[in-house]
Amino acid sequence: MAKKTIMLGNEAIARGAFEAGVKLSSAYPGTPSTEISEYLAKYDEVYTEWAPNEKVAAEVAIGASISGVRSLACMKHVGLNVASDPLYTFAYTGVGGGSVFVVADDPGLASSQNEQDTRMVARSAHVPVLEPADSQEAKDFVKFGYEISEKYDTPVILRTTTKLAHSQSTVELCDRTEVEDKEYSRNLSKYVMMPASAIVRHLVVEDREIRMANDACDFSVNKIEIKDKKLGFITCGIAYQYVKEVCPDASVLKFGLVNPISRKLVDKFMSEVETVYVFEELEPVIEEQVRAWGYDVKGKELFTKQGEYSSNMLRRVLYGADDAVFEKQEAPARPPILCPGCPHRSVFSVLNKLKIHASGDIGCYTLGAVAPLSVIDTTICMGASISALHGMEKARGKEFIKDWVAVIGDSTFLHTGINSLINMVYNKSTGTVMILDNRTTGMTGHQEHAATGKTLKGDDTYAIDLAELCRAVGVKNVIEISSFDVNGLEKVIKESVNGDALTVIIAKAPCVLLKGQKFPNKCKVDPDLCKKCGACMKIGCPAMTRTEDKKVKIDPTMCNGCGLCQNYCKFGAIQTVEM
Amino acid sequence: MITKNIMIVGVGGQGTLLTSRIIGKAALAEGCDVKISEVHGMAQRGGSVVTFVRFGEKVNEPVVEEGMADVIIAFERLEALRYSHFLKKDGILVVNDCRIDPMTVVIGAKSYPENIIEGLKEKHSIYTIDGQAKALELGNSKVLNSVVLGFAAKFIGFDKSVWLDTVSTTVPAKTIETNQKAFICGYEAEH
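Just so you know, the protein sequences line up as chains A and B, in that order. Okay, so the first sequence: first residue is 1 according to our numbering, each after it adds one. Okay, so the second sequence: first residue is 1001 according to our numbering, each after it adds one.
Pulled out of the complex, with its shape left as it was, chain B reads as follows (with noise of 0.2 angstroms):
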């Protein structure tokens, strides 16, 4: 099995290092070699972050680097750009369609790119959702990560069942069914 290499990247806060470790153990569940590099403390903090997830046979380095990222899961437009460089040629990337403006462009040294998703959409594949919007829509801002990852899961790979039950035993048990309802919802949306 050739070696499948995911990025989750986005705005500290998010909870993109969830998300992270659904996938990874996702594909353990499916016996694979599995490798999450995670990102603690300072970059934390409303940062940009990025989090990365490497499954197959045998997995040697925890990072997704340059050029190989099979699927990148971006929770925030700029993110997505920010980490478009690391997609392999035929790469796909999955937006979170939403805007975060960072401090440089909250006190005006710096602007926020227009344009972002089809100036992206020239190189790379791209399929967009906007999660807050689905996410509301289920009656909780705070499930906004499963919708995505439910979204993204047909790029990443393996069946509904295992991914539902990963989702099951990773998050707070009080909020299994809401996680897993927000999982469906992305997962059946329209790509």
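One chain only, chain A, in its complex shape (with noise of 0.2 angstroms):
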């Protein structure tokens, strides 16, 4: 018998790409995606890598692919508009070996910018997407996806959500199947898309679309369970179980194959039963289809375009009351924040007593948006920090920006910042950068990158050094600080803003959460000498509460002996002890 254990989402699909006999894997860490390499990289079997960005992760599943190996590349759904570049003309040459890019939607923004859904990218790429339910799902959907791959000769993208990607459910495992290298051989009009050759394979790429389609109404991953002929539902991915949890009774078609879908499944469906809903999460990919084929359907005039679906939502919908008994309390919101000795936190301190706006990227660095730190006043996506500041002082005058820095962290600096960089020294922009290297890739759960020196194996490698990279596009003027040293970094952003040379500060100092560090200290305050005035307070530690009489109280639990909060006590009360 086989094997039966219990798999998160992201360990299955890792799993699904090593039963399939995957040799390459290249990612970019997004949440929801991350843990799939980190799964990945534990089979010996399997070469995989941390890339810059997930362009540069998909151009290498790309090069394995056309060298005649089966190569995975993963990325959350931004990630993909990073990648759809390479993607939409690799939709045109088709693969080598099989490829499959996995793609984590996050409906809800659990950890995200937007919500925008893979399927609409897909559609318009001309790409199939399979969309897997539950975790062995998961894992037969990856094979599945290696299948139609070779078979179609086209990348294929799995989607899945937060829901799925993060839910544990049980797997069968398998063994895994070498598959042998596919023949290299030179192929101009199916590998160098010059307009010649893309022309033609436009037409392969329609001509692909419509057989797929056709043939879709056999594939195994679509299915039909005709029950109750009154009413029915067209759905897929995790939207399936909250079908299931209401009305286990309902026909049901669930499309696997999302993209695109099977008409002739659809004509069957809708031929036997009465009413039918199209239930999915985000857009109205499928409903839209079902609609221009002429039937009529209900659908997100009914079910919301926004977050994640419920099982009382369609409860709600259907007959009008969910399953609750109780009301829900009034409770203070309790919003993520930056951890008891973040580095950020440090740096964001000086730049609220500066009073100075941030140009945001992405990373736990967003939280400095909220109060009290309230430091970053844009967030819009990797890399866009610097790029944003030298569109302001383009458009404004270098006087608008004397009172700004761009604000990015060492992953996200290599991912895309970079670039941003190189056209501020070329450009002549005056502006300040500020790196905030903690030595990780933070938010996403600590992965290496490129200037950590760690491979995703574990391995030793060159760590670049940002400060060198900086002066080797051009910039004149690298300072190098500990982010812990609130006066130093005041006399150099105050230096950095007013003067007239574009300026990169990186300050330095590893995220309190990476594995193998040690806070031999704790910060505590001696109540006789507290005066109550909140000064400390308005660094936002959460190790920091106040007694009944209104003095400050340091959990020693929670405080990891940063010392900041005592930069901020004129009055000396509170001290850093050795616990």
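Among these hints, one or two may not hold up.
Stated by the list, open to error - Under the rule of at most 20 angstroms between Cα atoms (straight-line distance), these lysine to aspartate or glutamate pairs were calculated in the EDC-like manner: (1) A/K244 with B/D1033; (2) A/K538 with A/D377; (3) B/K1004 with A/D323; (4) A/K518 with A/E578; (5) B/K1088 with A/E330.
To be verified - One-sided and incomplete, this derived list gives chain A residues near chain B with beta-carbon spacing under 8 angstroms: (6) H166; (7) L173; (8) T177; (9) V179; (10) Q241; (11) K244; (12) S310; (13) G540; (14) P542.
Keep in mind the hints are simulated off the structure, nothing from the lab. It should be emphasised that the depicted structure is a prediction, and the values quoted were computed from it without experimental measurement. Beta carbons are placed, not taken as given, at the ideal position from N, Cα and C, and that holds for glycine.
Both chains are sitting in their own frames, so use the hints and assemble them into the complex.
As structure tokens, then:
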């Protein structure tokens, strides 16, 4: 009997790639896709790596595919935007060895800046999409993805969502099937996408999509369950589970291949079932096609395009009431915050004191937007902090950015920030860029990158020196400073924003959650000296609270002893003590 | 077997994820179909976190919704209050009796509600434990989760031996003994 175990959706995807004989995987971390690479890295048979960004990861996978092996690239939904340039043309060339891109959508925005639906991108790129509904399907669909990738000569997207990626369910394990490398032969009309070849390949793409849509009625990943003929659902992915929860007796057409969808299956289902709801998270991708084929279905007029679906949501629409018994209680919100001892807090406390606006980026430091630090003014996408600051200066003049800096993390800087910095140098910007170098990709859970000196597999490698990199592209003023040197930071930031030369300040201190660090010190308040002024509370450290007499207290189990609060107590009431 | 719905709520960093994994693995060891839903990324950074474990003959959706929870294990009082409406009519609320102020309270924008436990008692069956004190008695504040899980285990089911086996295969090897001790400490605490 096959071994049954319980697996995270992302772990099952990694297992599926392993079992399918994948030999190479490249990825950039992004919630909720990150763990796929971390699990896959444990298999010695598969070469896995972190790339500096998703475009690079996609191209690495494309190269591996052309050379004849099965390859994988993993990214979150917004990562696909970065990788869409290679993806669109990969759809034209098709594959050598099978190639799957896992793209993780985030309905409900657990950790993202938008709620885009990857199926829309895939439709426009003419790339087939598979969408599993639990961990077993996640593993099976990856393997199926490689089959159709090679059979139809196309890259395949496996779309997941946060609930799928971060849920665990039972999976039966199989052995790895080694797949023989395909012979490489030079093929200009397939792999050199100059206009003369691409114009022909475009027809191949169109033809392939029609063939696949026709064949899809027999694909094992699609299924029709005919039960109650009065009520039916067309659904896909995790939304299927809510349908089964609420209406176990309803008829269901569940698409595993969500692009292209099988019209034959829709025709069959609609001919048998009276009232049909299309139940899909985010965009009405299936619904609009079903309607275009002339069917009257219920869909987005009842179900939102925003957020995650739920069984109670479906109950409310169908029955006008959900399962809740008790009323929701009023409770103060508990939003995510920077950790105690976080070096970003130290930098932000200085920016806050100097009343400086920050053009922000993607990472933990986005948390500096909210009170009490209130420093970050903009968050758009990876790398945008630097280029947006440049845009402000060029639009409004250099005086406009005298109280602005750009703030970006080390991993994000290497992802796409470096391009923006090159633009600042080239086009004579005078702005101030702060690289908050915490030696890791923090928000996604501590992944290595090109400046940490370690690979995904844990091997030692060359660590890019960020200061030297900035100098090499032509930045004359590059300052390296400890993130906790608040006086030094204040001085260099003042000088830099008031100066007339482009400056990069690299504020360095490791993320407090990085493994292997010791925090022997704790900060302690002397209640006799505390004047209850609250100046120390303005740094927004979660280890600090007020006692009933309004004096400040520091929780020793939470404090990491960074000592930042000490800098903001002019009465000397806070000491750092060794525990 | 009717599906059993468990929720674990707390503050990011309290280790609620490990607790849900232990419950899920125990259910799997007992031959159940299991689904666990976790929270990663942004929500972990000191924010309010909730994880779900569902087990039974066949489990569909991976989350527990309002009105479905048989047992809620809350690692903090305010989080118990926040999610109490997820309980079913006769659901059980197990609370680790501690207070962690959210940033909205720290900066004075909101106040931490008074008498949370007393208020919840009027509507629900509540069992409280000072897990931190018990863990410190055992000499290790990091085994708080195992103490609280041990305390809640009686309401979830399974034999003690199943729990102890599962703890041993889930926690880091070096900490097996201390976590098992902590589990027993919670298990044997007065309810």
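Worksheet item: Hint by hint, which ones does this structure get wrong, listed from lowest number up?
Response: Of the numbered hints, 7, 8, 9 do not hold.
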